[in-house]
Amino acid sequence: MKSKTNSITLLFSNFTQLIKTITLMTNSDCILEMINVSKTFPGVKALDKVNLSIRKGSIHALMGENGAGKSTLMKILYGLYTPDAGGEIFFDGKPFNPKAPIDAIHTGLAMVPQEISPSANLSVAANFYLGREIKKGILMDQSAMNEKTNDILKELGIPMSVETLMQNVSVAKAQLLAIATAVSYDAKLIIMDEPTTALTESEVHQLYRIVKKVQERGIAIIYISHKLGEVFELSDEVSVIRDGEYIGTKKTTDITKEELINMMVGRDMDEMFQREDVIIGETLLEVRNLSLPGKFHDINFSVRKGEIFGIAGLVGAGRSEVVEALFGYKPAESGEIHLHGKKIEIHKPCDAIKHRIGFVTEDRKLTGLMLNMSVTDNMIMPELLPYEKHHLISEELARDVANSMKDQLRIKTPTVETIIGNLSGGNQQKVLIARWLLLEPEILILDEPTKGIDIGAKAEIYKLIVELARLGKAIIIVSSEMLELLSLSDRIMVMAEGREVGIVDRDNATQEVILEMAAGGDVPSQEEQELESEYQTQGVA
Amino acid sequence: MIKEASANARKTHYTEILNKYGMLLILILLFSALSLKIDGFASFRNIFSILEQVSMFGIIAIGVTFAIVTGGIDLSSGAVVALASVVGASIVTGTEGYGMTIFAFGAAMFVGSICGLINGSITAYGRIPPFIATLGMMTMARGVAQLVSNGRPIDASSDAFTSIGDGSIFGVPGLVVIYVLVAITCHIMMSRMSFGRHVFAIGGNVNTAKICGVNVEITLLKVYILAGALAGLAGAMLTSRAYAGNPTFGNMWELDAIAAAVIGGTSLAGGVGSVPMCIVGALIIGVMNKGLNMLGVDPYWQQIIKGMIIIGAVLLDAQKRKKA
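These protein sequence lines map, in sequence, to chains E and S.
Here the numbering used here is used: position 199 in the first sequence is 199, and no number is missing along the way.
Here the numbering used here is used: position 252 in the second sequence is 1252, and no number is missing along the way.
Since the hints were made in silico from the structure, they are not lab data.
Errors might be hidden in some of the hints.
Stated by the list, open to error - Listed below are several chain E residues computed to face chain S (Cβ distance under 7 angstroms; list not exhaustive): (1) Phe301; (2) His347; (3) Ile353; (4) Leu366; (5) Met370; (6) Asn372; (7) Met373; (8) Met381; (9) Leu384; (10) Pro386; (11) Leu392.
Beta carbons: idealized from backbone N, C-alpha and C, even for Gly.
Using the sequences and the accompanying hints, generate a full structural model.
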């Protein structure tokens, strides 16, 4: 009896799906249709019957917290994962089951990954045609490649010499080049995975311009982002997924920020973080005339107990270099560092650790994580002594401490023995913060602490930072996100081209003031200026 | 749904176990198969004979495992065996008593440590890739061994000295006892001491290790000194068993040692490895060598089979990584 009802329901659901399929196949409005797409990993259901339709030529924002399943969804589209049986995907009205990225590209779907990794030793044009070089007989036709690359770049308004080696190209430009490459594949749909993560404000606006230009060519774009501002600025439609489930799609003009946030987190939340005031104590750290030739020059500031001290500036202004020097990772050549009024010497990170300075670095993969080691091992590394009994590390003790940190910071991981590479970005970041909290630091340096982290986790990290300030710790934050600095910092030091432009109080700090100070030293290089004016005159002609 | 999830969880559990103990399983299967095929393969006598052979390159393999876990390599260990062997033999030749024996073992390990110190310094402070540094040492140590011995074997027939290689404690050969002691000590160092944790950290991400205050240079120095000292110890053991020091000893042992580490799942990319699994790797090679010999397989074919097993182990490791 039971099995009969089951089979009837099954038949019925199959039938409705068939109807849906037929209607969709005739729906020529959409470039991409995903119906009931699921993906199960051992023990985890990463995607649960997701439906997504992308209109031709539209910019479609895809939002969701870290671990919501955005990346999995995109990897399915790009042929990197095979979805579970039962779902269907149509591209331009035809069934679409890519087995590898090359299938996706040939069908007309290209991807601009979050972290692009061009071949640094090759030129812009060589990177552009990597793997599909234009040939004349058995030899490469270098001039044809240069010419065609130049054409596309000009068309999209990206001024740049195509013979520049990739290693001399900024992150922002490389990002734009990746988009141009996708366009050159004759893609009908381009997926952009958080393209602004590594960009500063002014670079972001350049990116917007390019994205709009791409859209004008009739190409649809799936724009994955954490940033609400971007979504409202750019997109026509926005879809939200949460915990692997499809929540809904809305026209961007029909939805408010609050509604969108509610869709994402499933709970109400203030957009801008409102911090509480903390009593600020005596001066803890004083930096005098710190210099490292070629990187930064004559930096002076002090940080007091309980104070949150922000460092602002464009990418390349020397912000990270200053904190790296402070921590002894890449020490300064001259200048003094005073702690508790006494001069201290910091030549190596272990000197800084001895003085209870913690440092969450900017690049998780490069200088933060030990990817193939466990959460526990990643947490306890800076100081193993507290876990030792008779010179041997007590696994039990380490695990207990790691577990308590896991609960305290609400780190989502099956166990603390899990290899950290399997965690989502936000949770990896929490582990790295936990690492330095275990040191019980007096000073905590955070370089881009919420880079690539979802709104929910961000707010948690902000709360944590204020809580640490309340406990009398001095906090130094380097960030490219203006709102983050403005809402958290008591004072903000602005840097430009390795120099300290000034320090602004919380009461006087506005987005405009800081941007103006940061842009003070921002002059494009001679070559770029010439190219830019050349393009403009050509455009007029 | 719940059933499905738990089935999946069980499946992951099985794969995890298989990943962790797969090589142990292969060792057991290999041993069982050979025991069925060959009379007396599973006898104590034969097992101890295998263990004795394994003990020497197995000790080297432990040192090499440390180097590989940091993301490095040690190619000099075979040559260090030769150098330690002629040094040990020169000291002990024509002497009596355990005093000189201990001195000879100590000297062999000291010579090995010096080679390791040079390897480590060049790697850590000269920032030369360990592959090149230890390749140079491999040639040099062999040359010094030839020089010291004038290219001839040196007699080491001191009763006390040779009793280490010949003798046994409660029926367990002396060399095997040394192997077990070294293995236990190194296992504790690697898995439970901060030194071992730093070794993993360097292999996992050297930048992070630096940020976390690990003294990368000193740690690397210690690793190569340890690897050198263990190769020196293996040299002394071989000399005591062969009653002579010989500048041709230990030829290609470094490759057996690396093979043992890799078969045991040590990742050449660094950050992954363990002493117990390194022992399993060494035992697989030992059991296979002995088995193929007893089966009368052509030695040329033996080489071919060994090579295939090494490549197979690395392929398996790569597969594992892809899944994770």
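Hints versus structure:
Because the smallest distance between the Cβ of phenylalanine 301 of chain E and any Cβ of chain S comes to about 22 angstroms, over 7 angstroms, the interface hint for this residue is violated. With a cut of 7 angstroms, the hint placing histidine 347 of chain E at the interface with chain S is violated, because the nearest CB-to-CB distance is about 12 angstroms. A cut of 7 angstroms between beta carbons decides the hint on isoleucine 353 of chain E: the least distance to chain S is about 4 angstroms, and the hint holds. Hint on leucine 366 of chain E holds. Least Cβ distance to chain S is approximately 6 angstroms, under the 7 angstroms limit.
Checking methionine 370 of chain E against chain S: minimum C-beta separation of about 3 angstroms stays under 7 angstroms; hint holds. Hint status for asparagine 372 of chain E: holds, given a least beta-carbon distance of 5 angstroms to chain S, under 7 angstroms. Given hint, methionine 373 of chain E at the interface with chain S, holds; its Cβ is 5 angstroms from that chain's nearest Cβ, closer than 7 angstroms. Because the smallest distance between the Cβ of methionine 381 of chain E and any Cβ of chain S comes to about 4 angstroms, under 7 angstroms, the interface hint for this residue holds.
At a threshold of 7 angstroms, the smallest CB-CB gap from leucine 384 of chain E to chain S is about 4 angstroms, leaving the interface hint in force. Checking proline 386 of chain E against chain S by beta carbon gives a least distance of about 11 angstroms; that is not within 7 angstroms, so the hint is violated. Here the hint on leucine 392 of chain E is kept, as its CB sits about 4 angstroms from the closest CB of chain S, short of 7 angstroms.
In the structure shown, a violation is registered for the earlier hints numbered 1, 2 and 10, in ascending order.
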